[in-house]
Amino acid sequence: MNSTQTALQFELDRRSFWKSLSLFDWFWGLLVMLATAYGYTRYAELMDVYEELILVATGASLIALGWHWKAVRLLSLAVFLLSIFGISRYVNGLVDAQTDFFLKFLVSSQSAIMWMSALYVLATVTYFASFVARAEFVAKVASAMTWSATTMGLVGLMVRWRESYIIGLDVGHIPVSNLYEVFILFSIITALLYLFYERRYQTRVLGGFVLLVISAAVAFLLWYAFDRNAADIQPLVPALKSYWMKIHVPANFIGYGAFALAAMVATAYLIRQKAERGAANGLAMTLPELEILGDLMYKSIALGFAFFTLATILGALWAAEAWGGYWSWDPKETWALIVWLNYAAWLHMRLSMGWRGSPMAWWAIIGLFVTLFAFLGVNMFLSGLHSYGEL
Amino acid sequence: MNNQSSVPAKPTALLLKFLGSMNLAITLLVALSIAAIIGTVLQQNQPYTDYIIKFGPFWFEVFQALALYDVYSSSWFLLILFFLVISTSTCIYRNTPTMLREMREYKQNIQLKTLQNYSNSDSWQLSCSMAEAQDVVQKLLPHNGYSARLKEQSGHTLVSGMKGGGSRLGYIFTHLSIVLICLGGLIDGNAILKAREMLGHIVPETRNLPANEVPSISHLSASNPSFRGSVSVPEGSRTDVTFINYRDGYLVQNLPFSIEVKDFRIEHYRSGQPKSFESDLVVHDERLAEPLKQTISVNHPLIYDGYAIYQASFSDGGSEVNFLAWPLSGGGEQATLVNTKVGEGLKMTSFEQPWVLETSNFRLFNINPSEDPAKKFKNIGPSVQFKMRNKLGEAKEYLNYMLPVEREGAYYYLSGMRASPADEFKYLYIPVDEAGGIERFMRYLNALSDASLIRQIVAKQGLTSSPLPLQESAQLNEAMVLLAGVFVEKGMQGVVEQVEENVPLEKRDEVAKLYVRVLQQLLAAVYVEVLAEEGVDVSLGIDEKRAVFFDAAAAAIGAIGRYGSPVYLQLTNFKHHQASGLQIARAPGKNLVYPGCGLLVLGVFLMFYAPQRRIWAWLEPTEQGVKLLLAGHASKNKMDFAKQYQQLRDQVDRVLTS
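If you read the protein sequences in the order shown, they are chains A and B.
Reminder that position 384 of the first sequence reads as 384 in our numbering, one-by-one numbering, no gaps.
Reminder that position 301 of the second sequence reads as 301 in our numbering, one-by-one numbering, no gaps.
Looking at chain A on its own, in the form it has when it is part of the complex (with noise of 0.2 Å):
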């Protein structure tokens, strides 16, 4: 063989996705694999096929995202350490959760949620810290503890579910069935988006900004639990008994997650524009230049925009199924649709009509409050089927 055979040998073995799996990758991924068999073996009894097949699904997905953006596999190592603990810390009970140290003040589910909140607000203050002072070491101090409070998160809704099964076997839900939980979910989901568009584009200087709604959605929550005691686990409605809930609420949150991440984006689209067209200096112009901003936000639209799509959907064949008829002009399911008209329209304009700048920073934004509308408001302020999150 000759050196040119030999090279193209190098580049068609180096670029295989197969063979660039690690001994670690497939280490995981058989441990995940082993976690699936053994939920499904042993909780087969309380599973009907669709919760079954959510199972396996989920197992599948996760594998498939671990090995390609790998920080995963290390994050839901340390989830399921950390939630095993926690889980195995109770002994006797609810009770063991103000007498056993652990649960007491790391890991039971609202101590766990404590210290995501607090770790994402630190973060929040972290990111703008290392933006002012132009410091990149406090910007990766603040990826790691916007990791960490992901990390609590996550165990926290994992305690929380394994929590709901001690007050009792018909009492046991996976916990994204009220306002307070998804509030967790929202701001684990929009973590996780930003952290894989951290790394995607190399750059920390957006992370402020992006906290910011997630230490938002930490002060509602915290509000909601210490003002009107939301933290209580409470049985489900029987319309909520279903494993729709399993994939309809997550995939409408990142959606969610994906909208106000682009929203804060086109936020620091608007601030560079304007230090660019003024003086063009300054703390504005160490953020990302226009063009990439501009794309993080289409393509933060387009995932956001694609399962919302199917978190819609899903949300009406769970309707034809629960409340007799997949399409009820029910004011949540109108918003919805007011949603996704809203974005779709944004799309057509970005896409069809190669529109780009400001005009669709600001619709962004203001999508997001279209968004907020359709996920609080309509609890808030309009009365229908979709009560289950009240104030």
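Rather than coming from a laboratory, the hints here were simulated on the basis of the structure.
Built from N, CA and C at the ideal position, the CB exists for glycine as well.
Warning: the hint list may mix true and false statements.
[What the hints assert, rightly or not] DSSO-like cross-link-like pairs, simulated, lysine-lysine; straight-line CA separation at most 27 Å:
| hint | chain 1 | residue 1 | chain 2 | residue 2 |
| --- | --- | --- | --- | --- |
| 1 | B | K262 | A | K19 |
| 2 | B | K54 | A | K332 |
| 3 | B | K513 | B | K460 |
| 4 | B | K275 | A | K246 |
| 5 | B | K575 | B | K396 |
| 6 | B | K643 | B | K139 |
| 7 | B | K426 | B | K54 |
| 8 | B | K262 | A | K241 |
| 9 | A | K332 | B | K194 |
| 10 | A | K332 | B | K275 |
| 11 | A | K274 | B | K638 |
| 12 | A | K140 | B | K643 |
| 13 | B | K139 | B | K113 |
| 14 | B | K139 | B | K638 |
| 15 | B | K545 | B | K575 |
| 16 | B | K275 | A | K241 |
| 17 | B | K113 | B | K643 |
| 18 | B | K194 | B | K275 |
| 19 | B | K107 | B | K139 |
| 20 | B | K113 | B | K638 |
| 21 | B | K378 | A | K241 |
| 22 | B | K391 | B | K490 |
| 23 | A | K70 | A | K246 |
| 24 | B | K347 | B | K391 |
| 25 | A | K332 | A | K241 |
| 26 | B | K54 | B | K113 |
| 27 | A | K70 | B | K643 |
| 28 | B | K638 | A | K70 |
| 29 | B | K490 | B | K396 |
| 30 | B | K636 | B | K107 |
| 31 | B | K627 | B | K139 |
| 32 | A | K241 | B | K194 |
| 33 | B | K460 | B | K396 |
| 34 | B | K139 | A | K19 |
[Stated by the list, open to error] Residues on chain A that point at chain B, a partial pick, calculated with CB under 7 Å:
| hint | residue |
| --- | --- |
| 35 | P235 |
| 36 | A239 |
| 37 | S242 |
| 38 | D295 |
| 39 | I313 |
| 40 | A322 |
Using the hints, position chain B against chain A.
What follows is chain B alone, placed relative to chain A:
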């Protein structure tokens, strides 16, 4: 495109251009959003009376003319949807041929100049052979995900690569799905019903009638292909109709089979909240060999012959209730037994007046927030709701709880009363005696209406502050009896009115104060007498519990005047019958909507994540070896493509210049 102004455009071409234009599409999307918002802020499909109360007669008419009470079936909303379908269809019609062509086209006739002008373009002068360079290119392109085609021309060879044709398919899928979903939704919506109503074929019924008495113009035959109706079926009975709420009334939808509810069950959590409810159904259909049995619950409907039968709600199915009717005007009458059923109107006579007892609801559980910090909710037991209608046809509504409820350490029977559905219930608290019943309260009430007893007590206890001559003393005694009677009948308010009617202005204040003081003493004295008759030792005064009882009893008696019923109906026994709330729907449009949804999701993901990219490798033999020009193009996601192109370019570079 008609750029030459001298050639006039054909009208059909212009129309197509307008209908397929992006501006129209965006305008329609925005218009649809705004129209949809209206339906969320204005509650839809409420009874017209609610709207009249809310908006007043003028705005009610305005909104009605704009069809805002049923926006999503209104003609203008459907028009917007119609135009959206037309616009989308035009887009599909105009763009599909191009899309399909682009998907399959490898652009193998592209010119060298075009390739050189692309921003992603590099060239090399290589010393290897044509065959080798071609081999490398043909291996690296698939390795990077491109499918490649070779075309040999005179003087050069062109390898054309393409990936991501799926995005073009995605475009077709997403837009086609919108058309399918809108068409399916139209079939399943109200539009057909509205059309039939406009043609005069059907008229909604507004009166409260049993289904078999509703005139046939408000009936829909079993061949109606799509509808959504609800029906309440008591346990043990069956139905062959369902009711569709339509505008300000309803329509009766006949079913080709009958549904029997054999049993209905609610399971509760320990906290008392409902956990699940389910019905055992039996479907009787001539076309079946034997009846179909199935249990349905929320999230688990029965699908039969294209009909979907859902467990939607539940209500009372004609529970039998037994009351003890305690007369509230004294006079010593005994309590009588009254037996009736929920949903019935029972004629009764009380104090020689005709009354009608209309029992409307019975609830087995009443879960209220608990003050006990250990439990979040407390079940205070069964309750019954009814109206008492007098001979003039006026009625007040009552809500009586079967079990006594605790308040501040003492127990009371609660009876809620409201004069109109818009009001909140106001509660009468009847205190419970040590035996756990209301006998002492009733005795006390009777005692206050017992004239001779009151005369005795007044005489015995000398309630007036100074001794009076015999005649005036007698007058005062009578006044006391009268006062007690007024108090029992109309409460303290009645006493005050009595003063206002009979006493001149200057003396009113003084007399009122006197009356109140004397009345209070009288009330206490009668109470003590009642206790003494019971055998309670009152020589050392009254203990706290009995004092609390006295306060509550006096307050309750004072309120009887406003109670509005001649009797207090104490619920003593019941036989609970439940009715299952079923929703029955037929939605053939879902055969278009569901595939449309699938297409939509697939199409959206394809459009974003399989964007079309092209790579070309132009190979020309030279004296030294080969000239290679590599170029790439993507119409969307150019930033990402630039990176990918760089990677491919670097690979080519590494291999061929090693």
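Here is what the structure says about each hint:
Between K262(B) and K19(A) the CA atoms are separated by roughly 63 Å; this puts the pair beyond 27 Å, and the hint is violated. With a CA separation close to 23 Å, the supplied pair K54(B) and K332(A) stays within the 27 Å bound. Restraint check: the Cα-Cα separation between K513(B) and K460(B) comes to about 23 Å, which is no more than 27 Å; the hinted pair holds. As the CA atoms of K275(B) and K246(A) are separated by approximately 19 Å, the hinted pair is consistent with the 27 Å bound.
Taken as a hint, the K575(B) and K396(B) pair is honoured in the structure, with Cα atoms around 25 Å apart against an allowance of 27 Å. Only pairs whose Cα atoms come within 27 Å are accepted, and K643(B) paired with K139(B) is accepted, the gap being roughly 20 Å. Restraint check: the Cα-Cα separation between K426(B) and K54(B) comes to about 24 Å, which is no more than 27 Å; the hinted pair holds. Pair hint K262(B) plus K241(A) holds up; C-alpha atoms about 24 Å apart against a cutoff of 27 Å.
For the hint pairing K332(A) with K194(B), the CA-to-CA distance comes to about 25 Å; that is within 27 Å, so the pair holds. About 24 Å separates the Cα atoms of K332(A) and K275(B), which keeps this hinted pair within 27 Å; it holds. Under the criterion of a C-alpha separation no larger than 27 Å, the hint pairing K274(A) with K638(B) is consistent with the structure, at around 25 Å. Between K140(A) and K643(B), the direct Cα distance comes to roughly 25 Å. Compliance with the 27 Å bound is thereby established for this hinted pair.
About 25 Å separates the Cα atoms of K139(B) and K113(B), which keeps this hinted pair within 27 Å; it holds. With a C-alpha separation of about 24 Å, the suggested pair K139(B) and K638(B) falls inside the 27 Å cut-off, and the hint holds. The suggested pairing of K545(B) with K575(B) is violated, with an alpha-carbon distance near 35 Å, which exceeds 27 Å. A threshold of 27 Å between alpha carbons decides the hint, and for K275(B) with K241(A) the separation of about 9 Å falls inside it, so the pair holds.
Proximity of K113(B) to K643(B) is assessed by CA-CA distance (about 23 Å); at most 27 Å being required, the pair is judged to hold. Restraint check: the Cα-Cα separation between K194(B) and K275(B) comes to about 39 Å, which exceeds 27 Å; the hinted pair is violated. With a C-alpha separation of about 20 Å, the suggested pair K107(B) and K139(B) falls inside the 27 Å cut-off, and the hint holds. For the hint linking K113(B) to K638(B), the alpha-carbon distance of about 21 Å falls within 27 Å, and the restraint holds.
Simply put, K378(B) and K241(A) have alpha-carbon atoms about 23 Å apart, close enough for the 27 Å limit, and the pair holds. Between K391(B) and K490(B), the direct Cα distance comes to roughly 20 Å. Compliance with the 27 Å bound is thereby established for this hinted pair. Distance restraint check for K70(A) and K246(A): the Cα-Cα separation of roughly 25 Å lies within the 27 Å cut-off, and the hinted pair is therefore satisfied. Taken as a hint, the K347(B) and K391(B) pair is honoured in the structure, with Cα atoms around 11 Å apart against an allowance of 27 Å.
With a C-alpha separation of about 19 Å, the suggested pairing of K332(A) with K241(A) holds against the 27 Å cut-off. This hinted pair does not check out: K54(B) and K113(B) have alpha carbons roughly 72 Å apart, beyond 27 Å. Taking the CA atoms of K70(A) and K643(B), the gap is near 20 Å; set against the 27 Å cutoff, the hint holds. Distance hint between K638(B) and K70(A) is fulfilled; the C-alpha atoms sit about 26 Å from each other, no more than 27 Å.
Taking the CA atoms of K490(B) and K396(B), the gap is near 17 Å; set against the 27 Å cutoff, the hint holds. Of the supplied pair hints, the one linking K636(B) and K107(B) holds, its CA atoms being roughly 17 Å apart against a limit of 27 Å. Distance hint between K627(B) and K139(B) is fulfilled; the C-alpha atoms sit about 18 Å from each other, no more than 27 Å. Restraint check for K241(A) and K194(B): not satisfied, since their Cα atoms lie roughly 36 Å apart, outside the 27 Å limit.
Between K460(B) and K396(B) the alpha-carbon distance is near 41 Å, which puts this suggested pair outside the 27 Å criterion. Between the alpha carbons of K139(B) and K19(A) the distance comes to roughly 17 Å, so the proposed pair stays at or under 27 Å and holds. Annotation: interface hint on P235(A) holds; nearest CB of chain B at approximately 5 Å, less than 7 Å. Using the Cβ-Cβ criterion of 7 Å, the hint placing A239(A) at the interface with chain B is satisfied: the shortest such distance is roughly 5 Å.
Below 7 Å, beta-carbon pairs count as interface contacts, and S242(A) has one with chain B at about 4 Å; its hint therefore holds. A distance limit of 7 Å between C-beta atoms decides the matter here; for D295(A) the minimum to chain B is near 5 Å, and the interface restraint holds. Below 7 Å, beta-carbon pairs count as interface contacts, and I313(A) has one with chain B at about 4 Å; its hint therefore holds. Contact between A322(A) and chain B, as hinted, is supported at the beta carbon level, the nearest pair being about 5 Å apart and thus within 7 Å.
The earlier numbered hints that this structure contradicts are 1, 15, 18, 26, 32 and 33.
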